[in-house]
Amino acid sequence: MNTTALKEIVARVALNDDNVAYKQLFLHYHPKLVSFSYAITHCKESSEEVVSDVFLNIWNHHQTLLRIENFHLYLYVSIKNISLNYLTKQRRERSFSLDDVKTELKSLYFDPEQLMITSEMYRRICSAVNALPPKCRLIFKLVKEDNLRYKEVAELLHLSVKTVEAQMTIALRKLGASIALQQSLY
Amino acid sequence: MHEEQFWNLLAKKLAGEATDAEEEELCAIIKANPELSYEAQHIADLWKLKPSEQNTASEKAFENLLNRIEAQKTNDISFSENASIEINGEPVKKRKWQLPVFLLLFCLLLLAGFLVWKKEGTKDATVSHQQTQEIYTRPGTRTRIVLPDSSVVVLNAGSKLTYSQPFGISNREVTLTGEAFFDVVKNSTPFIIHTNGAQVKVLGTAFNVRSYPSEKKIETSLVRGQVEVSLDNSPESKYTLQPNQKLTLNTTNQKTAKTGRKRTEPIAVLSTLSYLDDNTIAETSWVENKLTFDNESFEEVAGKMERWYGVTIRFKNEKVKTERLTGVFEKQTVSQALEALQETAPFHFTISNNTITITH
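Order-wise, the sequence lines are chains S and F. Position one of the first sequence corresponds to residue 293 (this note's numbering), numbered consecutively onward. Position one of the second sequence corresponds to residue 666 (this note's numbering), numbered consecutively onward.
These are calculated hints, taken from the structure and not from any lab test. Predicted model only: the values in this text are computed from it and were never measured. It cannot be assumed that every hint is accurate.
Said to hold, decoys possible - No farther apart than 25 Å at their CA atoms in a straight line, the calculated lysine to aspartate or glutamate pairs in the DMTMM-like style are these:
| # | chain 1 | residue 1 | chain 2 | residue 2 |
| --- | --- | --- | --- | --- |
| 1 | F | 678 | S | 447 |
| 2 | F | 713 | F | 689 |
| 3 | F | 738 | S | 310 |
| 4 | F | 981 | F | 971 |
| 5 | F | 882 | F | 964 |
| 6 | F | 825 | F | 728 |
| 7 | S | 372 | F | 728 |
| 8 | F | 881 | F | 959 |
| 9 | F | 984 | F | 964 |
| 10 | F | 738 | S | 341 |
| 11 | F | 825 | F | 971 |
| 12 | F | 955 | F | 971 |
| 13 | S | 454 | F | 689 |
| 14 | F | 866 | F | 838 |
| 15 | S | 443 | F | 682 |
| 16 | F | 955 | F | 995 |
| 17 | F | 955 | F | 965 |
| 18 | S | 443 | F | 669 |
| 19 | F | 715 | S | 447 |
| 20 | S | 315 | F | 799 |
| 21 | S | 427 | F | 710 |
| 22 | F | 715 | S | 300 |
| 23 | S | 454 | F | 682 |
Okay, chain F solo, but in the shape it has when bound (with noise of 0.2 Å):
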């Protein structure tokens, strides 16, 4: 029997270990016997999965080596002997002329950076001391980041968040791709949120923001506090949210707006939120790990479950994008949430790999 030599050869292909040769017996082996391949397909999906790969656990750790590195310059104590690096079994020795080199470099340095900002006056020069955090989630994952300032957002699927250091004193602004939770600390510096063209501003307050780009509107919905919109290009029109209320501005026509054409659709609307059975608010339900839709097209709920089980929806219908769907979903796979929804809209669904068609 092949049986040793065919898990052999199926970890070597999976571990990219596999000759042209091995590949070719593994096929051979799995034609011969076809009651292989169904272990092996599962066992391929298996080796596919990936270690999250960033997490709060990660951020702290980093910080507290920042601390060391810190700690270390003003002590100027060489750190432990075991941690001396080797490279072919030899410890590397500093050399004696890097010090007076690093200094003249750092001189040099300086006057470079002195006489740059010089010419392009203080503000730029202030910026380029900042650095940029970049956080951002991939389809299908979620992730929850404590600022420096103690805020704490909750940032969904396929979104971005980003701001600079050094942050919370003087400066608490973020730019925001996607949707977003946010939990803010009360301080005296106004936190803000910029997205796709306006901007969100509070003093301490939880809310939730929507501005995923291929939705081409911003939701803004208020849970307690108080929070400031305004449009970038017309900062002097605000619209103060109460809690309890929604805010969807429409980017499409604020382009429009820009340039001169006549709108069609109210740049701003303001709702409340909506409630789902339990209580729980339908705008905020995907931080407690809920799918939710209410009344919405086919369309824009197959841009939120792409998001969400991180694969493609394809639709070969137009007429299928416009079913109203409604529905909340925790637990469910993808094909289970797909299957609870034929019950309301009559469509039928294909899945390959990671692609769902939808056909009526």
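Isolated chain S, as found in the complex (with noise of 0.2 Å):
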């Protein structure tokens, strides 16, 4: 989904009370956002929860939501605060590591087929992916599968841009070191 098709969504929801719009909306996010709440939760049950609790709010305030800026970065935020509430529940500590973050990406787990490369490459590039320190994972997905702005992942982790460039620096190389060492065997 595009700024623009998304603009147009919120504005269904926010002036008609458009629910086709709002499932639209949710189906979109739902997936990304339980990845996101559960690299922070690392609970199943809480992160859907989560998720639900923030679209619940959204449906119960659509009236406002044409005064929020930036929707998307707005959907991961509120996924960060309400899943830090959780947190907070359970474990009476408001606060998350980013060296302690799950992320799974969900974009790599899909038929080698459709690549046209190798089984075997496959493997290393996906090994090559996990192998990333869970902050690198963490932004790597954030940037390449929820399609947030350098600036925006920056924001909502609280790290300056530059970070946030020197991580994707770093996925990337070891991806690539991880496609380079497969040519070299044939």
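Both chains are given apart, each in its own frame, so use the hints to dock them into the complex.
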């Protein structure tokens, strides 16, 4: 969904109580937001509840949605805040360490056929991604799969844009190494 | 060495963060170090992969959410504090005048609705209450849907299924474009599938309907139970299928029949299902992730492969289109499948991006 399409859908929810648009919005974001919440809560049930809370909230306050400048980022910030609330309830702590996030990349659990690569290389790429440090993997996922800008990731995770850039560089260099290694085998 | 800078710039380019100057710098680095282009290309391909967008877990989660919205309506419990919406750090307060204004608007809407209903008659008004559900699959993907009446539909690539809600008690009608396998739960309301000028009516059975507009025919294959197929423009002639039978309706003829021109081919052909070596039914094998064709023309095969793999296939040569092909593919890539087909038919192919060109 591009920015214009998103704006249009949010407007439909905000102005017309449009429940078809609301559903579309939910289905579009659900997997991504559950996965982001899971990175913080490490609990499947909690992450589902967090996403449900955020969307219930959106429905209840839909007339104010148009006042949100960046709805895409707003969703991620809300998910982060409410996930932290869940952590507080469970462990009485309201902070999370970026070195302790759990991120799964959804787009890599795909048929290697689609890329026309060998399954051997596919395995290598997957293990390279899984071997990325937690913080690096989360940033990589947020940029690649969640379409967040560097600036937005920085804002969301309270980092500097330079740090995001550096982490992305690490992620790509390691991915590249896994591919290059494969190349030398043939 | 530019290496660190290379990865940084490549990341920026893929993420859409690179400035023009940075893109130029990246090009210059690749030019100076051609060996890097191999990794760059693979990573760019990898980057393009998107997670599948919709799944049944999300649908289920949405139902739960709707239940919560319903529950809060009846209980009127304000939801937990921690869920309060914040914009620029300030909680948004509900305004006091909102409730009366909404009530007033609601009454006006009711009145307006009533007037429209009076004018247009009952039928239209009930239709406007219904909500249409639309589920579609892109080429290269398949999806499994559980309908509100618990019937299961497996939707093949490049297909669309629509139905209106409420679904299940008095209404079990769906519209299909493309191909789907249905396992219909038995119930007193007939389950009706509308497709491209024909309808398939059942009570409780398992069967496959294939109706891609590009193929100009509708195929209904019955696994168990009983189905009834009729054409929209001649509802009096019905075809009843027994298990293990397949009905092929020719949709181009149907149109000529309407205009009164002479038919060249029979409208309907009844045949038995074809079996693969391991006793699976060819017509429904796609449900188990198998791509099959049984003595079909290359043109038909290309259409199937385009949807299956999400590629575009072009023919440079008309004669190749008529080659008859037979094959079953399960885990093969599109190039492996084409290579296997080259064993039985004389053709060459080239793949660039997602387009495959077939030459003699």
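Quick rundown of the hints versus the structure:
As the CA atoms of residue 678/F and residue 447/S are separated by approximately 20 Å, the hinted pair is consistent with the 25 Å bound. As the CA atoms of residue 713/F and residue 689/F are separated by approximately 21 Å, the hinted pair is consistent with the 25 Å bound. The suggested pairing of residue 738/F with residue 310/S holds, with an alpha-carbon distance near 17 Å, which does not exceed 25 Å. For the hint linking residue 981/F to residue 971/F, the alpha-carbon distance of about 16 Å falls within 25 Å, and the restraint holds.
Distance check on the hinted pair: residue 882/F and residue 964/F sit about 15 Å apart at the alpha-carbon level, within 25 Å; holds. In summary, the hint linking residue 825/F to residue 728/F is supported, as the alpha carbons are separated by about 21 Å, within the 25 Å threshold. Of the pairs offered as hints, the one joining residue 372/S and residue 728/F holds, with about 23 Å between alpha carbons and a cut-off of 25 Å not exceeded. Distance hint between residue 881/F and residue 959/F is fulfilled; the C-alpha atoms sit about 18 Å from each other, no more than 25 Å.
For the hint pairing residue 984/F with residue 964/F, the CA-to-CA distance comes to about 10 Å; that is within 25 Å, so the pair holds. Of the pairs offered as hints, the one joining residue 738/F and residue 341/S holds, with about 19 Å between alpha carbons and a cut-off of 25 Å not exceeded. Restraint check for residue 825/F and residue 971/F: satisfied, since their Cα atoms lie roughly 16 Å apart, inside the 25 Å limit. Simply put, residue 955/F and residue 971/F have alpha-carbon atoms about 14 Å apart, close enough for the 25 Å limit, and the pair holds.
Annotation: proposed proximity of residue 454/S to residue 689/F holds, straight-line Cα distance about 21 Å (limit 25 Å). Note on residue 866/F and residue 838/F: the hinted pairing holds, with a Cα-Cα distance of about 9 Å set against a maximum of 25 Å. Note on residue 443/S and residue 682/F: the hinted pairing holds, with a Cα-Cα distance of about 10 Å set against a maximum of 25 Å. In summary, the hint linking residue 955/F to residue 995/F is supported, as the alpha carbons are separated by about 5 Å, within the 25 Å threshold.
Of the pairs offered as hints, the one joining residue 955/F and residue 965/F holds, with about 16 Å between alpha carbons and a cut-off of 25 Å not exceeded. As the CA atoms of residue 443/S and residue 669/F are separated by approximately 21 Å, the hinted pair is consistent with the 25 Å bound. About 24 Å separates the Cα atoms of residue 715/F and residue 447/S, which keeps this hinted pair within 25 Å; it holds. In summary, the hint linking residue 315/S to residue 799/F is supported, as the alpha carbons are separated by about 12 Å, within the 25 Å threshold.
Simply put, residue 427/S and residue 710/F have alpha-carbon atoms about 24 Å apart, close enough for the 25 Å limit, and the pair holds. For a cut-off of 25 Å, the pair hint linking residue 715/F to residue 300/S stands: about 22 Å separates their Cα positions. Between residue 454/S and residue 682/F the CA atoms are separated by roughly 13 Å; this keeps the pair inside 25 Å, and the hint holds.
Of the numbered hints stated above, none is contradicted by the structure.
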